[in-house]
Amino acid sequence: MNELMRRMLWLPEQASTFSTSVDHLHYFVITVTMLISVAVGLLAFAFFFKYRERRPNQSTPMVIPSIRFEIVVIGVPLFFFLLWFVQGYKDYIWYTSPPSNAMDVYVMGKKWMWKFSYPDGPNAIGTIHVPANRPVRLLMTSRDVIHSFYVPDFRIKQDVLPGRYTETWFEANKPGRYQILCAEYCGTWHSQMWGEVVVMPAPEFDTWLAEQKAGLAKRVDTGGDDGGEFRGSIVEYGKRVAMAQGCVKCHSLDGEPHIGPTWLDLYHRRETLDNGQVVVADEAYLTDSMIDPRGKIVRGYKPVMPTYKGRISAPEAAALVEFIKSLRSENVQHVPSKEAVYEPVRR
Amino acid sequence: MSQSDDKPPTFPAVHYLNADRGVWSWLTTVDHKRIGIMYFVSVLLAFLLGGIFAMLLRIEHLTPEPTIMGANTYNRMFTLHGVVMIFMFMIPAIPGVFGNFLLPLMLGAKDVAFPKLNLLSLYLYWAGATLAASGMIMGGTDTGWTFYAPYSTSTPTTLFPVLLGVFIMGFSSILTGLNFIVTIHTLRAPGMGWMRIPLFVWAIYATSIIQVLATPVIGLTVMLVGIEKVGHFGLFDPTRGGDPVLFQHMFWFYSHPAVYIMVLPAMGVISEVIGAFSRKNIFGYKMIAYSSLGIAFVGFFAWGHHMFVSGQSVLDNGAFAAISMLVGVFTAIKVFNWVATLYKGSIAVKTPMLYACGFLFFIVFGGMTGIAVATVSLDVHWHDTYFVVAHFHFIMVGAVIMAFLAAMHYWFPKMFGRNYHEGWGMVAACFIILGFNATFIPQFLVGNAGMPRRYFIYPERFTSLNVASTAGSSLLAFGFVIIVFYMIYALVRGPIAGDNPWSSRGYEWNTPSPPPKHNFDTTPIIDRDAHSYQEPGEEVEHVVI
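Those protein sequence lines, which keep their order, are chains P and L. Positions 656 to 1002 (my numbering) are the ones given, in order, by the first sequence. Positions 2 to 546 (my numbering) are the ones given, in order, by the second sequence.
Heads up, some of the hints might be wrong.
Said to hold, decoys possible - Each computed DMTMM-like pair below joins lysine to aspartate or glutamate, with the alpha-carbon atoms no more than 20 Å apart:
(1) Lys-980/P <-> Glu-926/P
(2) Lys-230/L <-> Asp-759/P
(3) Lys-770/P <-> Asp-759/P
(4) Lys-745/P <-> Asp-759/P
(5) Lys-345/L <-> Asp-759/P
(6) Lys-705/P <-> Glu-542/L
Think of the hints as simulated: they come from the structure by calculation, not from any bench.
One chain only, chain P, in its complex shape (with noise of 0.2 Å):
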């Protein structure tokens, strides 16, 4: 029953544990909704026929609407509309309590692509690796506009916000690849800031992150990138270790004032810290700040970032230097750009 009912309404599968009882709920409203809509549009037309001009002129019989009437056309409606008021209302606390062991992602939604980061492990774009049958916490923000994380499969959605952090969870029951979607309207690719969630058995989401967390582990003993020789300018390959290691997701690169400073422009700028002393970021400041943030904080600004001691080697530092050296406003456009400035996520 509920598998034919989904096919006729053309609902996706139902891949997470809310998917099942709102669909049930849906399956109710919906059929009454059709039901009770063509039974007014047939019941208007018989009695098109039924009583029918039959004379010019006719006259008809004064018809009075008793209590009785009154209370079944305003009691039968809003006995139906509140039981889905309260049955919905009571899956929809459900749905926005994750439970307390629900495993963190941290989703970053950006013109126009998703950015998932796992605390203390690997970062992705566009694509979701999670367990499951074991619940999975989103917490969402934008980088610039509004944007709407969507798994029609699992039936959830959350609008995503710059400046602040929304949540929103689930838990997947079918292993599978399921689309994730951004609905809401956020500029020309719009319908293109697509994504997807892989859901893995629980087993092998643990080797997979085990995995990935060697890896990075790996990278940073070594010193080194992933194995292979970089062959690009120690710019690129700074720019490459900030995206590597996440340094992008607070810093920005385009002057805009995130969780930390922008980078642009600010080799030799002259930051005022908070305890009032000014200090010009030379390649020193830079470096220091990077091993131990705490000690100088900018204005403005909140002591939250790690220290990368230990994490990056001393070529890396020394590159992510010269690409901040880079970063020079006169080398940015500021005129609008005419196309998509990324990529759209194309599969």
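Following the hints, position chain L against chain P.
What follows is chain L alone, placed relative to chain P:
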């Protein structure tokens, strides 16, 4: 259809259309009927423009890949479709055209209370519409008609003309509402107590209250977006301490009641049409009248149901969901009363009646899917998908356009003294009602399947339903083309209708059709209820159900 006696129908020699001549006499007129006709022409042009955009959007969706336009063009196109249809067509359509034309006739007045203000409303509408339309020529805007911040405050497209246009049209709407409220309070004919005013007037009254109270908020909101865009004050920008959700609260505080600005007049039309063509006293007059006021009141407190997934608190969402259910109850009362009015009537199945029947189906389906999306847990899946698109098109196109077309056919003889061809009218109505269903029922399903709105490119699995919807829209468009032809013919060479071709008892039919310049030669005295089909003293059977 027959006249009350055997004389051939007459066409008055002098009437409001030919009493003064020349373009200048139209542009400076303070006659509510002429202002209504000028609104009629204007909103039809807006509807044509919005309709062309709609068809282009549907053609674009024939394939999941780009079909006939680029992404930026598509984004501008759906924005303009929304702006044109809502601000230039839906909101002024029934109040501006039929409200202006009929309100004084129904009240037995010579004109509205402030005739010059009425003309100013029209000029403001023209100014705002021209400005908004010029924004399209200047490159167009791509925010959607909802102007959500911070996208709207950061888009590089031409937003100002559209914002300013909406701002100015808002004043037109406020002044019209104010004018109608005062007119209804002060200019009722002798004998017309509050319980004798026609239900269309009740609907316009409730609408006008919303227009006066809610429209200033949209003016304020678009102004703040403009200020933010120029001055970067940070009102809606979180990096400067602003709040993007604040914009949504302000926007929907107007835009939810705005739905009732569109729907209530439509409900008023249906009350008139069903009463007239079933020759029946309206069943439950008071219930219909009071439920209009109820909708107007409760409609002010339901705006948050547009924001269930915006990050609004769980408690707020519950409160807004519960309040939204009440709006549904008021609408249900009206629907049952309309159907009960048909019961034991003497129903003349004419074109307006077909539209009324379509309206009944669409308002129930559209209204109940509204209840469905107000059910919080269900909305999480449906929010911002085509399900919502289909739901509000059922209300705005299904219900409001059906009512607009019913009104256009029912009062065409009143306005122009001629009649349209009934056969063609029925054919077009069938095309429109079937085409409408064929267009929007697939959209409900594609929304269920998970297709978000405002999608230029969509995943391939949605193709079949999109093609079905586009096919349906061609039927719908064809229906409108038929109407254009027979209505133009009717305007020029249609048979002379006579003063009251439907033998309606509506007060507006108490003058010649088309009416003389000053509506009534003698002040009408109202000695019966509105929609009363008994002659004074006539004994009729009373049935209680």
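Against the structure, the hints come out as follows:
no.: 1; hint: Lys-980/P <-> Glu-926/P; in the structure: 15 Å, holds
no.: 2; hint: Lys-230/L <-> Asp-759/P; in the structure: 36 Å, violated
no.: 3; hint: Lys-770/P <-> Asp-759/P; in the structure: 14 Å, holds
no.: 4; hint: Lys-745/P <-> Asp-759/P; in the structure: 24 Å, violated
no.: 5; hint: Lys-345/L <-> Asp-759/P; in the structure: 64 Å, violated
no.: 6; hint: Lys-705/P <-> Glu-542/L; in the structure: 18 Å, holds
Hint violations for this structure: numbers 2, 4, 5, all remaining hints satisfied.
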